[in-house]
Each structure stands twice: as structure tokens, then as C-alpha cells.
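Construct the entire structure; sequences and hints are all you get.
Chains as they are written, first to last, in the working numbering: chain G, 1 to 186; chain P, 1001 to 1479.
No false leads were slipped in.
Result set (DSSO-like, lysine-lysine): computed pairs, CA atoms no more than 27 Å apart in a straight line: (1) G:K33 / P:K1139; (2) P:K1152 / G:K33; (3) P:K1087 / P:K1164; (4) P:K1087 / P:K1159; (5) P:K1365 / P:K1159; (6) G:K49 / P:K1139; (7) P:K1272 / G:K139.
Derived by calculation from the structure, the hints in this document are not laboratory data.
All of these numbers come straight from a predicted model, not from anything done at the bench.
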Amino acid sequence: MKKKRISTISLAGCFGCHMSLLDIDERILELVKLVEFDRSPVNDLKRFKARCDIGFIEGGCCNEENVHTLRKFRRNCDVLVAVGQCAVMGGLPVMRNAIMHSDDPLRECLETAYLNSPYVYNPTNDIPNDPALPLILDKVYTCAEVVKMDYQIPGCPPSGDILWQAIVALLNGRPSDLPSEVIKFD
Amino acid sequence: MAKTRVIEIEPITRVEGHGKVTIHLDDHNNVREARLHVVEFRGFERFICGRPYWEVPVIVQRLCGICPVSHHLAASKAMDMIVGAKKLTPTAEKMRRLMHYGQIMQSHVLHFFHLASPDLLFGFDSDPESRNVIGVIDKMPELAVQGVMMRKFGQEIIKATAGKKIHGTGAVPGGVNKNLSIAERDGFLRDIGKMKKWAHGALDIARKYSLDNLMAVQAFAVFNSSHLSLVREDGALDLYHGNLRALDAGGNIIFDQVDYRRFNDYLMEEVKPWSYMKFPFIKSRGHIDGWYRVGPLSRMNTIGFIDTPEAGKALAEFKNLTRGMPNHMSLAYHWARMIETLHCVEKIEELLNDPDLQGTDLMVKGERAGEGIGVIEAPRGTLFHHYKVDENDLVTFCNLIVSTTHNNEAMNRAVKKVAQDHISGKPKITEGMLNHVEVAVRAYDPCLSCATHAIGKMPLAIELYDADGNLIDRNSQYL
Ligand code: SF4
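Listed below in C-alpha cells is the structure:
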């Protein structure tokens, strides 16, 4: 069987989903026999080398760069999988959308961090604004709000066992047979 | 005005999180400026306000899936103050320590084996296609398996103490919610000998790397700086609790045995427009000279000794290299990290043999307070959590200074030094040269996810700009 080509990325996530993938432990030796890794934060491929069969997305979108990256993944992967609560529903970062009684939650967050903290030394009273920094989005978006997603794996993070079963099922083109209590959200 | 070009390394790979490096070159390809940017922003310090305090230890770890336990425990320590738990029960304190040692072990092992070792084993200029953990699996399967199994051991310790390998719930304000069963204990004791052997093996690789390449290690991304960490009252390494000590570059005390609850009398953070990550500094030395380093290298510099025998010996040899003066070599972080890994394995063994872990007295409570501060030595350095809570139990204020943030200035200096040494004046910029820059960043094991919290998260990138700020090139290998 030809090795499937897979690629992974962390957008507005905490890397916990990537860490959980490493929690497949010694099965990683089996995984590298089944798949070829294209672009991923664990290797030094910074751009896609070839078209991929599956792209795994951790995290939703909180800045323009996340959106560009996600669109690139959509164009370059046959199947796109949202891994974990952040990619599926926005996760912790989405809490900034829901600050109560605020017309401009993003501004409030920035002011709290850079202007109003008692520890801050900020003589010019500027919020970071260099052109090297990508624009922050007005709110945090889930992956499915930006591109079409094919599958989702819930959990924060989904455990190594769940990821393993889901990946093996995907590679074999079979439905995953995870018992429902395993997919419960925590 | 002379023209400059800017190179961008984006994303920086084999670091935890997202970051980007920009390098500004003039007409003669001399490096004018080199910067590490954190490019993502979360806003945690604002949106946590209004949530009940007991949620915080569980929520806050979702800033960072690499060392969630550090945030879990720093927040729990702060919340211990809120519920008036002045002294935890022995079972609670030891369960938390066990969790923490498991955490540092897995994080250090992950960094060394999965992320950094390809550079050290294959060379900074080696083929980028196989310069990764899969390359290690292919070429040195036995070593790769040791890395995988050591990380697994640490993760299993976390699961047994926190309930889950990532984002657990074991620590609660005033204590913990479980003890360690005899069956769990015996399972770990069965493997501990093997872990110690492998920890020695990894330490040997890191030590030998530094000694065999001493000239290079002494020159690569080296600069003088102050160092800061927690230390125990007697000066020993203590990763879970202690007082603040800071040394200047010559090893003189700047402050010592400072109660960490007073940290804001000593530290401040500067905001710079080109990064979401702030720049902390020691107040008494001002915002220009007050920067310092934290993490394994700094801890080896600040502490007097290690109280476990084998890591203690390893520390003595480490300190001998610089004759007891502070060690300023960025690449020596790897060696320091492996000394700590061995220390954690020794500590885990000590704790597993302690019957207190099977105790049933898990929680204490006292007089309710309105403010809590928790500080811990996370894998990457000192981590500060500060909260205020109102009479309805809701958080009204939060400030975090995460480990990686303290090293912001240092990483920027490392990037600039390596860019000047390896890129300046070269007619053509190769992938290998740019990887040198990333190697310097990787030495600090920056957790860019963490640094995102209020601040930003960095895909690490290199870009090339001209003097007018136009993007000229991304290094072609990266396109
Ligand atoms: S789903 Fe959970 S583990 Fe995954 S990136 Fe989000 S916060 Fe981290």
C-alpha cells in the first residue's frame, strides 16, 4: 500500500492536541510506517512539498495568518480533520468573544495586557502594532466558519488512544468505531 | 538611506508554538537587526475576569498543552492563598510534587529527544528533510524508543496524579482530589530503574556534546546576562517551591530569598511594539540593563546544590566547567536540562517510596483572602500567576508572567548574535544558516504557546525586507 501523506498544523490552539498525538507513544513507530509526514511543526518542512491525503488542524482562527494557513490546508489536502475543542468549537480562545457588557472585547483584552497592568512599563502607551504582527481578527472563529471541514474529533485534547483509532480508521477509509463514552467532552 | 533587506524565518519549527524571526540586512548583507516576534494574542488576563476562582486551575492550562501541569499548579498555589490554605497536608503537597516532577521529566525529554536532538545528532546544516524525530527513529531507533518511553513514563505519572495526561484536574484550591493507589505506585516502581539508566544515557549525550564541541558551544549564541529562579531556603534546587534569587553576570547576588508574593516589588514588564510578548526586567536595574534569563541553565547558575545524589554529582561537574562562575552558553541549556531530568527521576523514586502518597487527608482550608499569588519553576523557568477574587468568588484581576517571556530579551540577543556570526556578509543565505538561528531559539525551548496567553503565540518564520520595509524574499528553501 502506498503511504498516505499527512500534514498537521496548530492555529489558535495550545499544542495540547499535538502533544496528545505523541501520546500514542510506541505506536508512533507503526505510524511512520503507514504515513509520510508533509508539513508539520515537528519537522522542518515549512511549506507543503506535495498534495496531502489528510490534514489535521488544531485550533481555530484568531488572526489573519491562521485564516491564510487554514485556506492553504484546504486547498492542499483531500481530507481536512478538525482535532480538538479549539478547532471544532473555538475552545478557550473563544472566551474572548464572550466578554460580557463589552462593545469591543478585543480592545479590552489588549488594554488589559499592555496598558492597564500594574506591572507594565509602557512609556509610549502603545499596543503592539508592528507590520510583522498579523492582524488580529475581531473574534475567534472555528475552522468550519472559515473553510469546509470533513471530520471532527472532539475532546480537549482527544486522548492518544482516540487519535490513534481515528487515524487508523481514516487511513483505511473505514468509519471509526469509538464507543460514545470515549468521545465525551471534558 | 542605505538599503536593507529582511529575511523572515516562518514558521520556526521544532519549537512548541508559533513564532517568527525577521533579520534586517544592509546592502553588504550585514545584519542590522534581528528579532523574534510573538505573533498571536489571546487576552486571557481579561477574559478570565468574571469567572469563579475554582475554575481557574483547570481553565488556565489550556493556554499551553506542552506543560499544562505548570499552569495548573501555579494557579492552584495562588488559589491555596484565596481559600486560606497556609500549609497543605503532606499527601497533597507530595501528590502535587509528584505531578510536577512527572511533568518536567516529560517536557524535558520531549524537548531533547523529539525537538532538539536532530540538530545535535545530525548537525545544524544536515538535510532538513530528515532533520527531525522521524529521522532519529530511522537512524537511531533504540535512542528514539528511549525518548518515547521516558516521555510516556512522565505522562503516566501525570495521569495518575492529575487524572489525565493533558489538562488534568488533580490539584484543587487547598489540596488535591486523589492519592496514589498501591497498584499505581508498584507499576511505576517496576520501571524506575530503567528510567534512571536512560536518564543517565541522555545526560551523557548532552554532556558529551558540550565537551566534545566546547569551542563551538562557548561561541554559539553566548552573551553575559543575569539569571533568576526560585531556590530552596538552604540554596538547593527546588522546582515546586522556594524564594526568589537573582544573580548578575559575574555571579553577584542582586536579591536573594525574596518571598515570591512580593515579586512585583522586584520585576516589571516592558511593552515593545513589534512583539505581543512583553520584556520583563529587574526594577532596580532599569528597563535597559535589568533583563535576565530563566530556565534550566539559570537554575544551575543560581542554586548552590542539588539534594539528590546522582544529579548532585552531575551539577558539580557542570559548575566546574566555568569554575563556579555563571555559565552563559545558550547551548549549555541542553546539558542543564538533562541534569534536571535525572533529578526528577530521582525525586519520583523518592516520592514513590513515601507512604504519605497513600494518605487520605487531602484538603485544608482557612481564612478566605482576596488575593493569591502562585509561583513555580516550570520546565522553561519561573512562572508567576497573580489573581484577585471578589466576595462573590469571581476573579477581578489576573496577571501571568510565563517562563518563556522572561527569556524574551535573551532569545532576541541569541538570534541577533547567531545571525551576525553566521549570516552577516555572506553572499548567499542557505537553509543551514537559517537553521542556526532556529537552533539558538530552540536551546531556550521556548513555549510559544504559553507566551501567547495574554501575549502572543509565534509561528517562527524568517523574512527578508529592503530598507523601505518591502518584503524581498523568504529564503527559497522555505517557499
Ligand atoms: S482542544 Fe484543548 S488540547 Fe487541543 S489545542 Fe485546544 S485547548 Fe489545547
